[in-house]
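For the record, the sequence lines run as chains A and B.
The working numbering applies: residue 1 is where the first sequence begins, and numbers increase by one.
The working numbering applies: residue 1001 is where the second sequence begins, and numbers increase by one.
No wet-lab data here; the hints were simulated from the structure.
We put the beta carbon where it would ideally sit given N, CA and C, even for glycine.
Hints may be right or wrong, so weigh each one.
To be verified - Short, incomplete list of chain A residues facing chain B, as computed with Cβ under 10 Å: (1) W87; (2) P107; (3) S239.
To be verified - Over 12 Å on every C-beta distance to chain B, these chain A residues come out as not near it, computed from the model: (4) D35; (5) A39; (6) G41; (7) Q90; (8) E125; (9) Q200; (10) R218; (11) Y249.
One letter stands for each residue in the lines below.
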Amino acid sequence: MTAAVLELRDVTRHYGGKRQWLGRGAAIRAVDGVDLTLAAGEVLGIVGESGSGKSTLGRIAAGIEAPSSGMVTFQGQRYAPIDTAAWRRQRRRVQVVFQNPSQALDPRLTIAAQIRGVLAAHGIEALERGVDRTEAILSRVGLTGLGTRFPHQLSGGQLQRAVIARALVLSPEVIVCDEAVSALDVSVQAQILNLLKDLQAELGVAYLFISHDLGVVRHVSHRIAVMQRGRIVETGPASEVFARPQDPYTRSLIAALPAATPAARRARDAARQAA
Amino acid sequence: MSVITCPVTVGTDMPARPRRRRLPLVIGLCVAWLVLVLLLALGADLIAPYGYAEQSLLQRLKPPALLGGDPAFLLGTDGLGRDVLSRLIYAVRASILIAFCGTLIGSVIGTLLGFLAAHFRGWVEEAIMLLVDFQASMPFLIIALAILAFFGNSFELFLVVVGFYGWEVYARLTRGLVLQANAQGYAFAIRTLGVHPVRIYIRHVLPNILSVLVVQVTLNFPEIILLETSLSFLGLGVQPPQTSLGLMLGEGRNYIATAWWMAIPAGIAIFLTTLSVSLLGDWLRDRLDPTLQTARD
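For reference, chain A alone in the conformation it holds in the complex (with noise of 0.2 Å):
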């Protein structure tokens, strides 16, 4: 692989802790030490139960949320403070899809117009070489004419995509998955995680593909880390994490996956009685 786009160190997140009335409030460490790198034109999936912090790492990775301490390097800089012209300008490299398409978009602009929206606050010419960008992108990501529809037109997977499309339109070399696909019924999440493979072959973008299911993650992830408690207690490429997997949690966790065919739900079963 090539050079890491974006590197943790030792990074940590605590919330909570404040001073109260009366002594300190506990602590949550949301995060807790956690050294993470991500190759240029890599997906590396992290996946970890709810409440692992597996969300708010995305969030740190991405630059929307500060660390408590540790540094967090995009391109060998860091990111600048949060809010200021510095940090919208970097925006631009990093984008972040959530998990609830219906609540990223502006209810009362049209698909086309949100996105133009964004290209016109970087700047951004609205053609490239005589092609409408937005018009491309939409194309891109299979909603072609599509652009005028309001996001409560359109399905969930549709408004997965035009936040896909929202978020590529920048051109950034890292997007963070943030349960990207799990507020979808299965058949779309399927389409969808198809579209952001080819996007990703296609594009070379780094992903950062935070889910709690296994499967999704193995389905697209080139390495996966595996999140408990904070902490990141395995991590390796896909393949190796799934055939070998070192630590307790994580066997417990594909253990816990369901088995497609009966046969291989025997051997699912068998590896949960020796383990």
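Starting from the known structure of chain A, arrange chain B on it as the hints suggest.
Quick look at chain B alone, frame taken from chain A:
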């Protein structure tokens, strides 16, 4: 045996009419009334047959023309022999101006403070919300009485005082809605795309909360007319010989048994105007909401 005739509809080739954008009758009437009021207010000098202070003492307390009065005075005359119709037109002008300016000042200041509170949080928010609570806990009539009694009475000051009526409701509403949008919704998502907060507020958040604010405006506007009415009634609003709807009601009160035509037209004007604004606001709120529109189409 009876023959059953079956109505057969042959060829339903009626052109697909665009059914949208039709104004309901009630709303049409409301708009018509408000346009009339606005025209009266703007063209008062041209339309009114007499000046608002023009007296003819020999023609005192004449009933309306249709009820046996003088045809020169369509709605009759008041206790000083002034034409009620002319005074009504000038009163509408004064009251509309006051209500319009008052609503404008209050909504702009309140909304702005709400945005500031939600954006900056911290001590800015505390200070603004303290003001809001202070305003909400004091009966406004007492504040207005105090200010007008202390600084004397001028039309401009009166406008400003009335403008501060109800700002705290806008501030509270706006703050809550902006916080909501910032916390988990589209505003947060758009912020992470690197769009400037001011741009987000103007382009995304304001249009989204406008429907709520419009409803508040339509509640606030009649309230201000009524506030003006109360203050003028108490003698602290518009000063005679100038007139306003509230002042006309106040002056007519003494004659209500003998010369009802002095107060009733003003009362009807207040009633119709406030009702029209409320109904129009309700209708506008539904129209402004794209999610409600498709549901209806």
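Against the structure, the hints come out as follows:
no.: 1; hint: W87; in the structure: 8 Å, holds
no.: 2; hint: P107; in the structure: 7 Å, holds
no.: 3; hint: S239; in the structure: 32 Å, violated
no.: 4; hint: D35; in the structure: 24 Å, holds
no.: 5; hint: A39; in the structure: 23 Å, holds
no.: 6; hint: G41; in the structure: 22 Å, holds
no.: 7; hint: Q90; in the structure: 7 Å, violated
no.: 8; hint: E125; in the structure: 17 Å, holds
no.: 9; hint: Q200; in the structure: 20 Å, holds
no.: 10; hint: R218; in the structure: 27 Å, holds
no.: 11; hint: Y249; in the structure: 30 Å, holds
The earlier numbered hints that this structure contradicts are 3 and 7.
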